[in-house]
Amino acid sequence: MGKTLAEKLWDSHVVRSAEGVPDLLYIDMHLVHEVTSPQAFEGLRLAGRTVRRPDLTLATEDHNVPTERIELPIADPVSRTQVETLRKNCAEFGVRLYPMGNLEQGIVHVIGPQLGITQPGMTIVCGDSHTSTHGAFGALAFGIGTSQVEHVLASQTLPMDRPKTMAVTVDGDLPEGVTPKDVILAVIAKTGTGGGQGYMVEYRGTTFEQMSMEGRMTVCNMSIEWGARAGMVAPDETTFAYLKGRPHAPSGPEWDQAVAYWRSLRTDDDAVFDAEVSLDATTLTPFVTWGTNPGQGAPLSESVPDPAAFDDESDRVAAENALAYMGLSAGTRLRDIEVDTVFVGSCTNGRIEDLRAVAGVIKGRRVADGVRMLVVPGSMRVRAQAEAEGLDAIFAAAGAEWRSAGCSMCLGMNPDQLAPGERSASTSNRNFEGRQGKGGRTHLVSPLVAAATAVTGHLASPADL
Amino acid sequence: MDKFTVHTGQAMPLRRSNVDTDQIIPAVYLKRVSRTGFEDGLFAAWRANEPDFVLNQDRFARATILVAGPDFGIGSSREHAVWALLDYGFKAVISPRFGDIFRGNALKAGLLAVVLDEKIVQRLWDDIGDDPTTPVTVDLVERQVRWHGEVHAFELDDYTRWRLLEGLDDIGLTLQHSDDIAAYEAQRKPWLPATANSLT
Numbered sequence: 001m002g003k004t005l006a007e008k009l010w011d012s013h014v015v016r017s018a019e020g021v022p023d024l025l026y027i028d029m030h031l032v033h034e035v036t037s038p039q040a041f042e043g044l045r046l047a048g049r050t051v052r053r054p055d056l057t058l059a060t061e062d063h064n065v066p067t068e069r070i071e072l073p074i075a076d077p078v079s080r081t082q083v084e085t086l087r088k089n090c091a092e093f094g095v096r097l098y099p100m101g102n103l104e105q106g107i108v109h110v111i112g113p114q115l116g117i118t119q120p121g122m123t124i125v126c127g128d129s130h131t132s133t134h135g136a137f138g139a140l141a142f143g144i145g146t147s148q149v150e151h152v153l154a155s156q157t158l159p160m161d162r163p164k165t166m167a168v169t170v171d172g173d174l175p176e177g178v179t180p181k182d183v184i185l186a187v188i189a190k191t192g193t194g195g196g197q198g199y200m201v202e203y204r205g206t207t208f209e210q211m212s213m214e215g216r217m218t219v220c221n222m223s224i225e226w227g228a229r230a231g232m233v234a235p236d237e238t239t240f241a242y243l244k245g246r247p248h249a250p251s252g253p254e255w256d257q258a259v260a261y262w263r264s265l266r267t268d269d270d271a272v273f274d275a276e277v278s279l280d281a282t283t284l285t286p287f288v289t290w291g292t293n294p295g296q297g298a299p300l301s302e303s304v305p306d307p308a309a310f311d312d313e314s315d316r317v318a319a320e321n322a323l324a325y326m327g328l329s330a331g332t333r334l335r336d337i338e339v340d341t342v343f344v345g346s347c348t349n350g351r352i353e354d355l356r357a358v359a360g361v362i363k364g365r366r367v368a369d370g371v372r373m374l375v376v377p378g379s380m381r382v383r384a385q386a387e388a389e390g391l392d393a394i395f396a397a398a399g400a401e402w403r404s405a406g407c408s409m410c411l412g413m414n415p416d417q418l419a420p421g422e423r424s425a426s427t428s429n430r431n432f433e434g435r436q437g438k439g440g441r442t443h444l445v446s447p448l449v450a451a452a453t454a455v456t457g458h459l460a461s462p463a464d465l
Numbered sequence: 001m002d003k004f005t006v007h008t009g010q011a012m013p014l015r016r017s018n019v020d021t022d023q024i025i026p027a028v029y030l031k032r033v034s035r036t037g038f039e040d041g042l043f044a045a046w047r048a049n050e051p052d053f054v055l056n057q058d059r060f061a062r063a064t065i066l067v068a069g070p071d072f073g074i075g076s077s078r079e080h081a082v083w084a085l086l087d088y089g090f091k092a093v094i095s096p097r098f099g100d101i102f103r104g105n106a107l108k109a110g111l112l113a114v115v116l117d118e119k120i121v122q123r124l125w126d127d128i129g130d131d132p133t134t135p136v137t138v139d140l141v142e143r144q145v146r147w148h149g150e151v152h153a154f155e156l157d158d159y160t161r162w163r164l165l166e167g168l169d170d171i172g173l174t175l176q177h178s179d180d181i182a183a184y185e186a187q188r189k190p191w192l193p194a195t196a197n198s199l200t
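Chains as they are written, first to last, in the working numbering: chain A, 1 to 465; chain B, 1 to 200.
To be clear, the hints were calculated from the coordinates, so they are not data collected in a lab. Quick reminder that beta carbons are idealized off the backbone N, C-alpha and C, glycines included. Any given hint could be a false lead.
Short, incomplete list of chain A residues facing chain B, as computed with Cβ under 8 Å [claimed, not checked]: (1) Glu-7; (2) Asp-28; (3) Gly-127; (4) Glu-150; (5) His-151; (6) Gly-205; (7) Phe-240; (8) Thr-285; (9) Leu-411; (10) Pro-415; (11) Ala-419; (12) Arg-423; (13) Lys-438.
Chain A extracted, bound-state conformation (with noise of 0.2 Å):
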């Protein structure tokens, strides 16, 4: 019987297996930021060990950093040093660290695949459960605690067991205005929170074939929200034309041999998976989430559910326990309700398709009038970038407030965050109670619907305007 390309994967890191005992699993690279770290190089200095492979850890700054006057300390003491020791941490391992003010800083799953260093074929990992974002490269990768951050810098290894395998086939067109995360936000409506849990997953069909390698990283990044341990796509032409030419891409004669390589990392015919869910792309339609966890999403244009309707007794104490937080009564049509904030940005979209799609919608208009709309590019170079092509001049026009790389309003440990009570649009990944700020209400959104949004005052999709 075939292997599926999860399992290509996996066996292609076992450093050890043996009966009764978790594989040892080789990580071919381990990204770390200042937040899930500290306490594991910690760990590292009171048990006298070292790094052992300083060469395959990148370090970035970026769940705390502030995303406007960056040429200033941190503001927040305890901020400034968590991101103070992860420069001192990496000093003393020898790690090489992209710090605050640096061209190649940025979110950690943005610059990843920016400089090249995520590749088909290998294994990721770090300690943040959106690690799954660099599995849209046909690599196998996910989000581990801070006990096994210090355990892959002390061997670069990580014992697990196998998950299983899940197949998520999407085929079709997208219809006009449906985007990734429509696609990404339907499944996971569909499966609940728990839906992949225990599951590798991979994403296959003629959508995630037509889909940019952006595109793809947006679907990746949300697995988790599922539940799934990792989320991937077969590499293809798509893959190779995106990581020809970057920084850490192979060159030269390495570059045919690891192409021929990459080609075989599909599944095979006859592979069977243990799960299979699938969805029909031109059926989709943009989707919003109404509650506080990521499952509770809805068509934008549909209307708040009615807790009652819900079979399944933990599924109402939820939905009830959600419209109460979000101040939201059953019944009201998602279009009516009127946001303060929206945020575009974060791991999920931050990158410069999703600028430049945010752009095509708000050029010439403005933002309504009591919104608030900021848009944070995922890293320094996307900012760069998006300066180098008039994006910036589009959102300053439009009265949207235009800042320097970070995680910023998408989890509320730096500046950017929701006053309690005030509702946002974002792009970003998870809506759960606080998330965005204490008291915060959020409703995830396309970054199409985000414009649209901050256009009208109330969520809506570019076809409203």
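We have chain A already, so just place chain B on it with the hints.
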């Protein structure tokens, strides 16, 4: 890491599903660089905003076992969620289903994450709701949860169980296989990326 064998204590019902790690500990509490002192952040928003929240109820103040609804610990990979529960005094968490990363983190850090069927969890909720002093035993040796004559087996793989029973450090175990790691490294693809080592 402390050994975990058998723990008997009071239990606290957290009658919610989809408790994500942002709820267990909000991001603002993740800025500490030490490994201890995270108990302040545990369920910080719910403790602050809901007077009746279960952690605010005196009758559950002695609880060392948390009993939660399905999909506990979904979302962010922050191990701080596990540390906050441990620092607060919890030894074990019971749920019908856990977020994968949370469960892995818990079992690395010595917080026993026990999966029980949702109906059993609901029965346990009712019993400890009626009498918070009900002694609940989480027995890793026998892989059972017991209370008031109820006995329910749970699954945990032999390797993880052994590691927890012995209180063993995963890293030390892995480093015994350094020769295997070196042998693997010798045959990696030549084009794989490397970040320049800033010490050289």
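Okay, the hints, checked on the actual structure:
{"no.": "1", "hint": "Glu-7", "verdict": "violated, 18 Å"}
{"no.": "2", "hint": "Asp-28", "verdict": "holds, 6 Å"}
{"no.": "3", "hint": "Gly-127", "verdict": "holds, 6 Å"}
{"no.": "4", "hint": "Glu-150", "verdict": "holds, 7 Å"}
{"no.": "5", "hint": "His-151", "verdict": "holds, 5 Å"}
{"no.": "6", "hint": "Gly-205", "verdict": "violated, 25 Å"}
{"no.": "7", "hint": "Phe-240", "verdict": "violated, 13 Å"}
{"no.": "8", "hint": "Thr-285", "verdict": "violated, 25 Å"}
{"no.": "9", "hint": "Leu-411", "verdict": "holds, 5 Å"}
{"no.": "10", "hint": "Pro-415", "verdict": "violated, 12 Å"}
{"no.": "11", "hint": "Ala-419", "verdict": "violated, 14 Å"}
{"no.": "12", "hint": "Arg-423", "verdict": "violated, 17 Å"}
{"no.": "13", "hint": "Lys-438", "verdict": "holds, 6 Å"}
Violated hints, listed in ascending order, are 1, 6, 7, 8, 10, 11 and 12; each of the other numbered hints is respected by the structure.
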